[in-house]
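Engineer: Sequence:
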Amino acid sequence: MTVAFGGVLALCEADLTVARGSVTAIIGPNGAGKTTLINAITGMVAPSAGKILLNGREITRLPAWKRPRAGVARTFQNLEICSNMTVLENVLTGAHRLIGYSALDSLLRTPRFLRGEAQARSMALGDLAFVGLAEAADLPAGQLPYGSQRLLELARALALKPDLLLLDEPAAGMNIRETRLLGALIRRIRDERGVTVALIEHDMDLVMDLSDQIAVLNFGAVIATGTPSEIQKNPQVVTAYLGE
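Mapped onto our numbering, the consecutive letters of the sequence shown carry residue numbers 1452 to 1695.
I should point out that these hints are in silico values taken from the structure, not numbers from a laboratory.
Small disclaimer: the values here were computed from a predicted structure and weren't measured.
Do not rely on the hints blindly, as some may be mistaken.
Said to hold, decoys possible - Listed below are the simulated DMTMM-like cross-link pairs for lysine to aspartate or glutamate, each with C-alpha atoms no more than 25 Å apart in a straight line:
id, residue 1, residue 2
1, Lys1612, Glu1531
2, Lys1502, Glu1540
3, Lys1502, Asp1663
4, Lys1612, Asp1656
5, Lys1612, Glu1586
6, Lys1612, Asp1589
7, Lys1612, Glu1509
8, Lys1612, Glu1540
9, Lys1684, Asp1466
10, Lys1684, Asp1660
11, Lys1684, Asp1663
12, Lys1517, Glu1531
13, Lys1502, Glu1464
14, Lys1517, Asp1466
15, Lys1502, Asp1619
16, Lys1517, Glu1620
17, Lys1612, Asp1642
18, Lys1612, Asp1663
19, Lys1612, Glu1643
20, Lys1502, Asp1466
21, Lys1517, Glu1568
22, Lys1684, Glu1620
23, Lys1517, Asp1654
24, Lys1684, Glu1643
25, Lys1517, Asp1663
26, Lys1502, Asp1614
27, Lys1517, Glu1540
Start from the sequences and build out the full structure, keeping to the hints where you can.
Structural biologist: Right, dumping it as structure tokens:
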């Protein structure tokens, strides 16, 4: 896949396959094209060339707002929560996308609407429990500690019931303990929810401990893929990124 902004190539024939049910880390220097890759997968930027396939279905030209229903969810490098809404309400913004009632149902408070609301609330509470935030459901999201706000973003993404979860620097700003808990949670997302995870991350300890596969980007191209041990031994990667 190629993505160009004007005459600048942000991605240059980047080719990456993420195995279903795996955790794949995407690493590389700043400006390597990592976030552009996620933005293309989620429909926030349009590829200049190439295709994006999810479970064998091409989604390259699918509008961004339709991609969650296709099975794609993401979190952002900078927190994107609604601070004045409760923790539960934040997660409901994700769960509501999957509930099949119309605006008219909502206006008239039909039985379909009431069933849908109950279903959404139940799913959202389940996602909060999964990430360890059930007891904070009724708190304003802005009152949560930073690390818990990161977990809230994860819960909201999980509410979309994704096949592919994209995480943009999920450990940014976390301390060592929080990062370890995050790593354990991502494993549970893979193992218990069956979700394929691809993450951008600069914490190399987390990347090496967590990943089934690592893809290395440099100047918009994928220069290497492999297991953590293979990547650590790859001289091209060491030169481009690890600096050793």
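Engineer: All hints are to be evaluated individually against the structure, with a verdict given for each.
Structural biologist: Verification of the supplied hints:
1. About 19 Å separates the Cα atoms of Lys1612 and Glu1531, which keeps this hinted pair within 25 Å; it holds.
2. A hinted pair counts as satisfied when its Cα atoms are at most 25 Å apart, and Lys1502 with Glu1540 does not qualify at roughly 35 Å.
3. For the given pair, Lys1502 sits about 24 Å from Asp1663 by alpha-carbon distance, which is consistent with the 25 Å threshold.
4. At roughly 28 Å between alpha-carbon atoms, Lys1612 and Asp1656 are farther apart than 25 Å, so this suggested pair is violated.
5. Under the criterion of a C-alpha separation no larger than 25 Å, the hint pairing Lys1612 with Glu1586 is consistent with the structure, at around 22 Å.
6. At most 25 Å may separate the alpha-carbon atoms for a hinted pair to count; Lys1612 and Asp1589 meet this at roughly 22 Å.
7. Restraint check for Lys1612 and Glu1509: satisfied, since their Cα atoms lie roughly 19 Å apart, inside the 25 Å limit.
8. At most 25 Å may separate the alpha-carbon atoms for a hinted pair to count; Lys1612 and Glu1540 meet this at roughly 17 Å.
9. For a cut-off of 25 Å, the pair hint linking Lys1684 to Asp1466 stands: about 21 Å separates their Cα positions.
10. The straight-line distance between the Cα atoms of Lys1684 and Asp1660 is roughly 15 Å, inside the 25 Å bound, and the hint therefore holds.
11. At most 25 Å may separate the alpha-carbon atoms for a hinted pair to count; Lys1684 and Asp1663 meet this at roughly 16 Å.
12. For a cut-off of 25 Å, the pair hint linking Lys1517 to Glu1531 stands: about 19 Å separates their Cα positions.
13. For the proposed pair Lys1502 and Glu1464, the alpha carbon gap of about 10 Å is at most 25 Å, so the pair holds.
14. Only pairs whose Cα atoms come within 25 Å are accepted, and Lys1517 paired with Asp1466 is accepted, the gap being roughly 23 Å.
15. Under the criterion of a C-alpha separation no larger than 25 Å, the hint pairing Lys1502 with Asp1619 is consistent with the structure, at around 21 Å.
16. Restraint check: the Cα-Cα separation between Lys1517 and Glu1620 comes to about 24 Å, which is no more than 25 Å; the hinted pair holds.
17. At most 25 Å may separate the alpha-carbon atoms for a hinted pair to count; Lys1612 and Asp1642 meet this at roughly 14 Å.
18. Between Lys1612 and Asp1663 the CA atoms are separated by roughly 22 Å; this keeps the pair inside 25 Å, and the hint holds.
19. Distance check on the hinted pair: Lys1612 and Glu1643 sit about 13 Å apart at the alpha-carbon level, within 25 Å; holds.
20. For the proposed pair Lys1502 and Asp1466, the alpha carbon gap of about 10 Å is at most 25 Å, so the pair holds.
21. With a CA separation close to 21 Å, the supplied pair Lys1517 and Glu1568 stays within the 25 Å bound.
22. With a C-alpha separation of about 24 Å, the suggested pairing of Lys1684 with Glu1620 holds against the 25 Å cut-off.
23. A distance of roughly 32 Å separates the Cα atoms of Lys1517 and Asp1654; the hinted pair therefore is violated under the 25 Å criterion.
24. For the proposed pair Lys1684 and Glu1643, the alpha carbon gap of about 31 Å is over 25 Å, so the pair is violated.
25. Proposed proximity of Lys1517 and Asp1663 is contradicted: the alpha carbons are some 29 Å apart, above 25 Å.
26. Distance hint between Lys1502 and Asp1614 is fulfilled; the C-alpha atoms sit about 18 Å from each other, no more than 25 Å.
27. Simply put, Lys1517 and Glu1540 have alpha-carbon atoms about 21 Å apart, close enough for the 25 Å limit, and the pair holds.
This entry does not satisfy hints 2, 4, 23, 24, 25, going by the numbered hints stated previously.
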